[in-house]
Amino acid sequence: MMSILEFYQKFKKREISPVEVTKEYLRKIEKKDKDIGAFITLSKKLAIKQAEIAEKRFKEEENPPLLCGIPCAIKDNILVEGIKCTAGSLILENYIASFDATAIKKLKKEGAVILGKTNMDEFAMGSSTENSAFFPTKNPLSKDRVPGGSSGGSAAAVAADFCQFALGSDTGGSIRQPASFCGIVGFKPTYGRVSRFGLIAMASSLDQIGPLTKTVEDAEIVFKVIEGKDENDSTTIKASFSPFSPVSLSKLKIGLPKEYFVEGIQKEVKESIEEAIKKLEKNGAHFENISLPHTKYALPVYYLIMSSEVSSNLARYDGICYGRSILEEKGEEFKKDFFEVISSTRAKFLGREVKRRILLGTFALSAGYFDKYYLLALKIRNLIKQDFDKAFKKVDIILTPTSPTLPFKLGERISDPIKMYLADIYTVSANLAGLPALSLPCKKIKKLPVGLQIIGNFLEDEKVLSVAKEIEKILKET
Amino acid sequence: MFDIDHISRLVKIKLSQKEKKELEKEFSLILKFVEKIKEVKIKKDVKPLRHIAPLKNVLREDEPKEFKKRKLLFPKEKKKEDFFKTKPVF
Numbered sequence: 132m133m134s135i136l137e138f139y140q141k142f143k144k145r146e147i148s149p150v151e152v153t154k155e156y157l158r159k160i161e162k163k164d165k166d167i168g169a170f171i172t173l174s175k176k177l178a179i180k181q182a183e184i185a186e187k188r189f190k191e192e193e194n195p196p197l198l199c200g201i202p203c204a205i206k207d208n209i210l211v212e213g214i215k216c217t218a219g220s221l222i223l224e225n226y227i228a229s230f231d232a233t234a235i236k237k238l239k240k241e242g243a244v245i246l247g248k249t250n251m252d253e254f255a256m257g258s259s260t261e262n263s264a265f266f267p268t269k270n271p272l273s274k275d276r277v278p279g280g281s282s283g284g285s286a287a288a289v290a291a292d293f294c295q296f297a298l299g300s301d302t303g304g305s306i307r308q309p310a311s312f313c314g315i316v317g318f319k320p321t322y323g324r325v326s327r328f329g330l331i332a333m334a335s336s337l338d339q340i341g342p343l344t345k346t347v348e349d350a351e352i353v354f355k356v357i358e359g360k361d362e363n364d365s366t367t368i369k370a371s372f373s374p375f376s377p378v379s380l381s382k383l384k385i386g387l388p389k390e391y392f393v394e395g396i397q398k399e400v401k402e403s404i405e406e407a408i409k410k411l412e413k414n415g416a417h418f419e420n421i422s423l424p425h426t427k428y429a430l431p432v433y434y435l436i437m438s439s440e441v442s443s444n445l446a447r448y449d450g451i452c453y454g455r456s457i458l459e460e461k462g463e464e465f466k467k468d469f470f471e472v473i474s475s476t477r478a479k480f481l482g483r484e485v486k487r488r489i490l491l492g493t494f495a496l497s498a499g500y501f502d503k504y505y506l507l508a509l510k511i512r513n514l515i516k517q518d519f520d521k522a523f524k525k526v527d528i529i530l531t532p533t534s535p536t537l538p539f540k541l542g543e544r545i546s547d548p549i550k551m552y553l554a555d556i557y558t559v560s561a562n563l564a565g566l567p568a569l570s571l572p573c574k575k576i577k578k579l580p581v582g583l584q585i586i587g588n589f590l591e592d593e594k595v596l597s598v599a600k601e602i603e604k605i606l607k608e609t
Numbered sequence: 039m040f041d042i043d044h045i046s047r048l049v050k051i052k053l054s055q056k057e058k059k060e061l062e063k064e065f066s067l068i069l070k071f072v073e074k075i076k077e078v079k080i081k082k083d084v085k086p087l088r089h090i091a092p093l094k095n096v097l098r099e100d101e102p103k104e105f106k107k108r109k110l111l112f113p114k115e116k117k118k119e120d121f122f123k124t125k126p127v128f
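Chains Y and P, in that order, give the protein sequences. Heads up, the first sequence is in this note's numbering, so the first residue is 132 and it goes up one at a time. Heads up, the second sequence is in this note's numbering, so the first residue is 39 and it goes up one at a time.
For the record, the hints were derived by calculation from the structure and aren't laboratory data. Some hints here could point you the wrong way.
[Said to hold, decoys possible] To spell it out: a stretch of chain P is covered by chain Y in this simulated footprint if at least three of its residues, at any positions, have a beta carbon under 8 angstroms from a beta carbon of chain Y; those stretches are:
| id | region |
| --- | --- |
| 1 | 62 to 76 |
| 2 | 90 to 96 |
| 3 | 99 to 105 |
[To be verified] Think about it this way: if two alpha-carbon atoms lie no more than 25 angstroms apart in a straight line, the pair counts; the simulated DSS-like pairs of lysine-lysine are:
| id | chain 1 | residue 1 | chain 2 | residue 2 |
| --- | --- | --- | --- | --- |
| 4 | P | LYS79 | Y | LYS389 |
| 5 | P | LYS106 | Y | LYS240 |
| 6 | Y | LYS521 | P | LYS79 |
| 7 | Y | LYS516 | Y | LYS503 |
| 8 | Y | LYS274 | Y | LYS176 |
[Claimed, not checked] Some chain P residues well away from chain Y (every beta-carbon gap over 10 angstroms; in silico):
| id | residue |
| --- | --- |
| 9 | GLU57 |
| 10 | GLU119 |
| 11 | PHE122 |
Since the structure is predicted, the reported quantities are computational estimates derived from the model, not experimental observations. Heads up, the beta-carbon is just placed ideally off N, CA and C, and yes, glycines get one too.
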């Protein structure tokens with residue numbers, strides 16, 4: 132397994148060439164992705180063109196940027212100009228992005244090579260990538276299991292070495308949970324650190340773009356490139372990247388929230404995390420038991436807020452502006468009924484989970500129910516944030532499992548929405564409170580990986596990455 | 039109460055009878071799940087948290103600027119000169 136820095140050194144010494152590497156990756160994907168289903172679209176032409184530019188830069192520039200020539204994959208809800216962007220939905224099956232997302236613009240400027248767009252749950256709604264309107268993605272580590280979701284295609288692409296890194300989006304755990312299921316690193320930055328301009332919106336107060344990588348160091352390199360204030364996203368925060376000097380675990384207090392180790396957690400997961408904690412203790416880490424008392428309400432609060440925002444954000448898919456439309460086939464019949472066009476288009480081209488969330492959100496916002504559901508959820512969201520504020524007065528960082536279970540089997544949960552929702556139980560709180568959080572692999576049970584989550588205080592992304600680097604090192608050594 | 043006909047009219051999604059039946063069943067479970075939040079005792083001074091970013095609204099100077107990148111807004115196939123072309127819907 133190579134790291135971004137190793138690639139970079141080899142490119143610089145001309146031991147390998149960006150064009151050759153890109154072609155090799157494209158060949159590999161074409162040969163092997165049939166069994167995995169990580170990609171929806173391959174952007175071959177664009178990739179070769181970018182690789183040629185990168186190759187030229189290595190010849191002409193003394194120190195090209197670190198991501199120059201590095202092959203990557205992009206979740207199919209992030210716009211890449213001229214490339215199809217489906218968001219995993221039939222309604223955008225034919226939609227071609229007319230501009231680059233800010234994160235993509237930054238990657239391109241660095242010289243990264245975009246190989247293609249990865250599979251996902253429709254509009255990022257799901258935890259297994261089985262809700263993709265096109266096909267499910269399989270877990271490369273064990274093909275009868277799901278890769279997690281919704282960035283399952285991105286996680287599978289990194290785990291199968293179809294690319295060096297991938298971008299995903301995380302609204303309630305959609306980067307961290309698939310990273311955990313595929314045995315890789317996934318990082319959700321602080322809300323506002325990475326521009327959402329050009330990310331197809333799901334729940335705007337929770338969505339955040341972040342990297343899926345093979346190592347924490349790679350995640351840091353990619354994050355440094357994509358973060359930053361953007362005039363096209365008014366919620367971005369100005370916080371210049373400051374590499375946190377290497378941390379010594381012995382100087383940190385790590386919090387263990389008791390609410391994350393109770394009912395519902397699979398025995399193997401609990402034991403793996405406890406084993407990791409012991410190893411870290413041996414290496415000088417200090418742990419402290421803490422309490423985040425409103426944890427058990429995080430998931431229902433998340434479902435109400437997310438669905439409410441979804442119901443508004445997805446109103447734009449009306450069969451008129453862009454994407455597929457019932458007018459394609461029944462133009463004449465519907466000509467005189469505007470609402471019929473919209474409701475028939477949405478009925479035909481939106482999937483079940485998407486409909487469910489639009490309905491739930493609209494209900495939670497409707498007259499007579501607004502106070503009881505949406506407003507109450509927002510108040511509890513504040514209490515959840517206050518829990519974290521209090522905790523971070525006592526500890527520097529919080530450690531939890533990423534997912535309560537090992538990767539589950541394809542088809543095992545798809546018919547039970549509540550069971551599927553529970554897959555996000557440890558990840559949604561960081562979105563509700565806007566905090567940076569990272570998942571890294573901590574153990575394998577037979578072939579199946581267990582992920583460990585680190586949550587940091589608001590805007591302490593660099594600290595999360597530095598602590599994660601230390602933990603990664605210790606867990607690898609032993 | 040959750041009235042599926044009313045809500046489906048609001049969201050403009052046509053539902054078949056079969057879909058309505060299934061969704062109604064699913065919703066009774068989902069609502070039971072989210073209603074857990076009613077247990078929480080909320081003190082009067084707890085404000086709703088709509089957004090996490092510690093930002094205030096910033097207005098730019100009120101100077102007219104011409105928007106020239108119309109191609110950004112329109113999918114290629116629907117752009118006609120400077121207009122947006124769609125099939126008739128009325």
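Evaluated hints:
| no. | hint | in the structure |
| --- | --- | --- |
| 1 | 62 to 76 | holds (count 10) |
| 2 | 90 to 96 | holds (count 5) |
| 3 | 99 to 105 | violated (count 0) |
| 4 | P:LYS79 - Y:LYS389 | holds (21 angstroms) |
| 5 | P:LYS106 - Y:LYS240 | holds (23 angstroms) |
| 6 | Y:LYS521 - P:LYS79 | holds (19 angstroms) |
| 7 | Y:LYS516 - Y:LYS503 | holds (20 angstroms) |
| 8 | Y:LYS274 - Y:LYS176 | violated (30 angstroms) |
| 9 | GLU57 | violated (8 angstroms) |
| 10 | GLU119 | holds (16 angstroms) |
| 11 | PHE122 | violated (8 angstroms) |
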